[in-house]
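Residue numbers (our numbering), protein chains in the order written: chain R, 1 to 309; chain X, 1 to 309; chain Z, 1 to 309; chain U, 1 to 309.
Careful: at least some of the hints might be erroneous.
Since the list gives no way to pick one copy over another, a pair counts as held whenever it fits inside one copy or between any two copies.
With a straight-line cut-off of 30 Å between C-alpha atoms, the simulated DSSO-like cross-links for lysine-lysine are [to be verified]: (1) Lys301 - Lys46; (2) Lys281 - Lys300; (3) Lys132 - Lys224; (4) Lys301 - Lys281; (5) Lys222 - Lys46; (6) Lys301 - Lys130; (7) Lys132 - Lys301; (8) Lys46 - Lys224; (9) Lys130 - Lys259; (10) Lys224 - Lys281; (11) Lys132 - Lys307; (12) Lys130 - Lys222; (13) Lys224 - Lys307; (14) Lys259 - Lys46; (15) Lys300 - Lys46; (16) Lys46 - Lys281; (17) Lys259 - Lys281; (18) Lys222 - Lys307; (19) Lys307 - Lys46; (20) Lys300 - Lys259.
Bear in mind the hints are in silico, worked out from the structure with no lab data behind them.
Okay, here's what each chain looks like letter by letter:
Number of protein chains: 4
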Amino acid sequence: MPTTHRFEPTHYHITIGTHEPVLRIAPGDTVVTSTADSGGRDRDLKNVSPPGNPQTGPFFVEGAERGDVLAVRFDRIAPNRPQAVTSAYVSYSVVDPQFVTRFPVDRGRIQWHVDVARGVATPEGPEALKGKLEVPLDPMLGCFGVAPDRGQAISCSTSGPYGGNMDYNGFRQGATIYLPVFVEGALFHLGDGHATQGDGEITGNGTEISMDVTFTAWIHRKNKPIGWPRAEDAEFLMAAGNARPLDQALQHATTELLKWLEEDYGLDYSAASVMLGQCIKYDVGNVFDPAYTMVAKVAKKYLEPFKRS
Amino acid sequence: MPTTHRFEPTHYHITIGTHEPVLRIAPGDTVVTSTADSGGRDRDLKNVSPPGNPQTGPFFVEGAERGDVLAVRFDRIAPNRPQAVTSAYVSYSVVDPQFVTRFPVDRGRIQWHVDVARGVATPEGPEALKGKLEVPLDPMLGCFGVAPDRGQAISCSTSGPYGGNMDYNGFRQGATIYLPVFVEGALFHLGDGHATQGDGEITGNGTEISMDVTFTAWIHRKNKPIGWPRAEDAEFLMAAGNARPLDQALQHATTELLKWLEEDYGLDYSAASVMLGQCIKYDVGNVFDPAYTMVAKVAKKYLEPFKRS
Amino acid sequence: MPTTHRFEPTHYHITIGTHEPVLRIAPGDTVVTSTADSGGRDRDLKNVSPPGNPQTGPFFVEGAERGDVLAVRFDRIAPNRPQAVTSAYVSYSVVDPQFVTRFPVDRGRIQWHVDVARGVATPEGPEALKGKLEVPLDPMLGCFGVAPDRGQAISCSTSGPYGGNMDYNGFRQGATIYLPVFVEGALFHLGDGHATQGDGEITGNGTEISMDVTFTAWIHRKNKPIGWPRAEDAEFLMAAGNARPLDQALQHATTELLKWLEEDYGLDYSAASVMLGQCIKYDVGNVFDPAYTMVAKVAKKYLEPFKRS
Amino acid sequence: MPTTHRFEPTHYHITIGTHEPVLRIAPGDTVVTSTADSGGRDRDLKNVSPPGNPQTGPFFVEGAERGDVLAVRFDRIAPNRPQAVTSAYVSYSVVDPQFVTRFPVDRGRIQWHVDVARGVATPEGPEALKGKLEVPLDPMLGCFGVAPDRGQAISCSTSGPYGGNMDYNGFRQGATIYLPVFVEGALFHLGDGHATQGDGEITGNGTEISMDVTFTAWIHRKNKPIGWPRAEDAEFLMAAGNARPLDQALQHATTELLKWLEEDYGLDYSAASVMLGQCIKYDVGNVFDPAYTMVAKVAKKYLEPFKRS
């Protein structure tokens, strides 16, 4: 019978790798925990880690083995303090090279007020925006994943097949993520909460904030690996590709979605192509890191006539 | 007083360039016309042009001069026959290179039935999809634009600052497009109708179909050029960048949107960055052609407190 | 019997397209002519054209038809004045985005002295280089090509299968270029001479100069098209790909070279792969324009055992 | 006084990371050791490691600290057996996507005979090449580097600022490599010997072989970090950038070379731009891995008038 664990982190990792697990859980168990913000500050604004998307965990899921697929449902992602921060300018990576000269070399930072009761975030600068911009809260986790292949430990400023810093605003409360398992126990890490975030994380951040997070993990399938993170919510099936250029991330995501429709819905590549050609949606994750993220998705309503295996 | 012109095309162009105008219109005039499908077939399935997104026009807008911005509102885009066609497989450009070997070399075509009364398109193949897929109609124009700079004539299979084959499903009925003017009269071309199209035009086509199109054109502003196509509809401001890789298209689009917010809403680059960082959306146009298309957009509701100049 | 024509240009084109020929020549004929510099100045520094790599020509080669391959040998490329110019900084496109802020917004220009007798070019600035840098002359043409497909006229600031602004320093005196023919007479254009140029044309220019050029053109083969420009000199077979990103240009060039070894030397794709895997060289052309250029080449000595068909 | 150490590896690493050092050496010391081939086979064709460019080391250089620059001179790189292997086809990454369908799905392998006495490598297949291709030996190391930043351990199938699998055929005997130090002792790893290799490692391999390697390491400079690997040989200064797309690798490499000329030769960015614009050469390393490698280089003869600091 599933257990609910409460886990308060005492240390964090700035790589995703085969680190010592902080907790062992059974498949189906739920974990109530918290994450520091990307700069390493907790709910009390105390510095608890070096910056760089510090991760809570890893959590060892019993029975998970290389070749399996881990499922993690984000049951709750909730900002646990009112202070957040973003950059004051968009990143060098998202504007024309010659346009960069219009920005100051020191790009600066903007404080935000996150009002969970009203469900909005408001910037405290620059002057022109004061009192004039309210962004609806849509909390998400920018960086999470499982220990990667080959014994690697990879910086939380990038991403790959194992997850990582994807900064996709669709990885929100209610979404279930599917990740390929490379090591025994999968070793799930999570962090980098954003109270809000536009597509692309174009300033290099969302409204960076510490979070209370509740998740439930289980083994989605045994010994039938996937190539890239998959996810679903009430409305969509999603597949994420992580690479540069964005073209290659899109190729990974589209390929993974085609494979999913073939594996679980029996649609061969032509049938899946004909459907996706008219129905696919793409969402842009991070276009700031060494690897960019593209998500390919399709509404589940189109798949209803095709029984899921 | 604005005039409504009816123009029935008798020939088409497969480049966008400084071609002889088919009609001269005054700013504010409306044109009721039609487009052939991308393969050069009209409403009666008669071959009226070589294939390659043949364009109706060009239309000469009186008073438009180099440096101005032309506005074109798509008042009506309506399929004028029930037959459409798509490819049977996604393009080489959107899947992993090694995945391409899973597809037949001859990729084949799929017929679709477009039912305007019911508002849906249904494929007539492959077998697995028959009777099981209905896609809501959302008619759009994949390729349109003005004569480009330097006396160029550019194939309708690509795109640039002047527009071209962008295949963005947001360029639908009700949208107003803003295009930089390079030559006297602007010389507006249009064609390549799709009854439906997923993001990215990943099979290399939407449901390709001939259209009845009504548009209204005017000079949006004088001697204050823009860098890339802009557009708006009831909900969004949009800017399109056309280039490869997709990263560069995204840079063009984001830069253009930042400039727009500065020019028309008085938001300096920091204020615009802070807003867009949490509010921007990206949509993927064509990822099939020599130039890919990325659209950066922001909901107009965020701009309400900032008076439009 | 081949004829030698002397042709002094009286006008220039800043697109490559289906323009009125300036001269009709028979296959095997030689043309002695000249080119203006990229800024439109001739041997006397007189402005004879708008800037933008103005082209001499086009030359109509009798008998050349769509599907054929045109050969052009550069018999002589010789600077015809001592004054040349370059930019004072490398392009935005070749440095890290954040590094761009180290450069002045107005990048400035540097005059060079081209000493044909001594065979060197020397910059007249900046101060630090005066009297300390001599670059051996290695004259080349940065931009040349034939009229492209579909009736296009394409700006001389970019490139494609038809040639264009490739800025490859291997296209020097003594090289023979093979170009796909798209229109009757091929319509060969040439211009954009550089007295010297590093790889990549990273300042956006070589030492820009007017040239005396002698070339000989013939029909290399009938009705057996090529996909991209090919070339050869005493030492190498070369194939050029033009696209962005550079990865795609490399793909075009490598594919074209594989096809060449198969067509003319009977090496199937595995044999050609095994040879090229250990013997291929890549050279970087333009990394400044909308399309970048990559050249794949192989030393002819490796092909001696394989009889050329 | 410098010591020469002999080190025979007993285990290997398939990541580059902060692993337990196998030997501690003083700055200036020389190490005589050996490397297994990329598939994990030693001089006797015995499997001594899992495949994936297994690394000998790491070697701890006393006194090396974060922020320093480690120098490693490859005194000797010599194949220590006659058997090598390559793929039978070029990689998916270097040809046009649609061209991939011309290759068999199972790409196969080719054996090579490496004749050190005669200084040539000859393939034992395919049939068409037998007895007809001799490639001069030019031994190099495809993969080497120091422990990366942030405690990362990164797969030997990719590369970064720390080095890694760059597969650049200029990293041969006689070259001195400069690497940024991230951890105490630098922790130098090396492996992946190729008896020969064309540019780009386009089949995904050189003639893969085990090597006898002698190297000398010292601390090149203290607390003055570099951004990317630098190198020099008798003729050139070189800087390597590792990223995708190749455009970005080229940006990293060019920026690093500009910085080098400023730091060590006192050439400001304009002077360095003007020189490199006419003198730079680019070489293509690996275009097969998740990160591609581009090398920017300049002949030392051009720098002679500028005293090296």
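Comparing the hints with the structure gives:
| no. | hint | in the structure |
| --- | --- | --- |
| 1 | Lys301 - Lys46 | neither (45 Å within a copy, 36 Å between copies) |
| 2 | Lys281 - Lys300 | both (12 Å within a copy, 22 Å between copies) |
| 3 | Lys132 - Lys224 | between (50 Å within a copy, 28 Å between copies) |
| 4 | Lys301 - Lys281 | both (14 Å within a copy, 23 Å between copies) |
| 5 | Lys222 - Lys46 | neither (41 Å within a copy, 34 Å between copies) |
| 6 | Lys301 - Lys130 | between (41 Å within a copy, 16 Å between copies) |
| 7 | Lys132 - Lys301 | between (38 Å within a copy, 11 Å between copies) |
| 8 | Lys46 - Lys224 | neither (42 Å within a copy, 32 Å between copies) |
| 9 | Lys130 - Lys259 | between (47 Å within a copy, 20 Å between copies) |
| 10 | Lys224 - Lys281 | within (26 Å within a copy, 34 Å between copies) |
| 11 | Lys132 - Lys307 | between (48 Å within a copy, 12 Å between copies) |
| 12 | Lys130 - Lys222 | neither (52 Å within a copy, 33 Å between copies) |
| 13 | Lys224 - Lys307 | within (19 Å within a copy, 51 Å between copies) |
| 14 | Lys259 - Lys46 | neither (45 Å within a copy, 38 Å between copies) |
| 15 | Lys300 - Lys46 | neither (42 Å within a copy, 38 Å between copies) |
| 16 | Lys46 - Lys281 | neither (40 Å within a copy, 33 Å between copies) |
| 17 | Lys259 - Lys281 | both (16 Å within a copy, 27 Å between copies) |
| 18 | Lys222 - Lys307 | within (20 Å within a copy, 56 Å between copies) |
| 19 | Lys307 - Lys46 | neither (50 Å within a copy, 41 Å between copies) |
| 20 | Lys300 - Lys259 | within (15 Å within a copy, 38 Å between copies) |
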